[in-house]
Amino acid sequence: MEKRRLTSVSPLSAFVHGALVSFLLAYPLVALMRFFQHFDGPVEGPWWAIWLLFPAGFAIFGAVWAMLASLAYNSVARLLGGVVYTSAEKQP
990 MEKRRLTSVS PLSAFVHGAL VSFLLAYPLV ALMRFFQHFD GPVEGPWWAI WLLFPAGFAI
1050 FGAVWAMLAS LAYNSVARLL GGVVYTSAEK QP
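The numbering of the sequence shown is this note's numbering, which starts it at 990 and goes up by one.
Honestly, the hints are just simulated from the structure, not real lab data.
Careful: at least some of the hints might be erroneous.
Distance condition first, Cα-Cα at most 20 Å in a straight line; then the derived SDA-like pairs of lysine to any residue [as the list claims (entries may be wrong)]: (1) K992 with A1077; (2) K992 with G1071; (3) K992 with R1067.
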């Protein structure tokens, strides 16, 4: 096994992955929120707004935070050398 260091994370890649993961995780959150709203009585307002706008907003915020986290990691890794991990495969 070979030890390696993760010296940087691409901010664009973190942005895209953060958006996708946040968007997908927003739907169970919306479903849970709508489930508990039904105990309060009839739900007012357009139903589609929650199911479309909340996940989109959640994805934008998740993407921005993932990008900021990757930029913070890159600056700390530049000073400290990055996270050490072991690689099971030999690279050519």
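What are the numbers of the hints that this structure violates, sorted from low to high?
none
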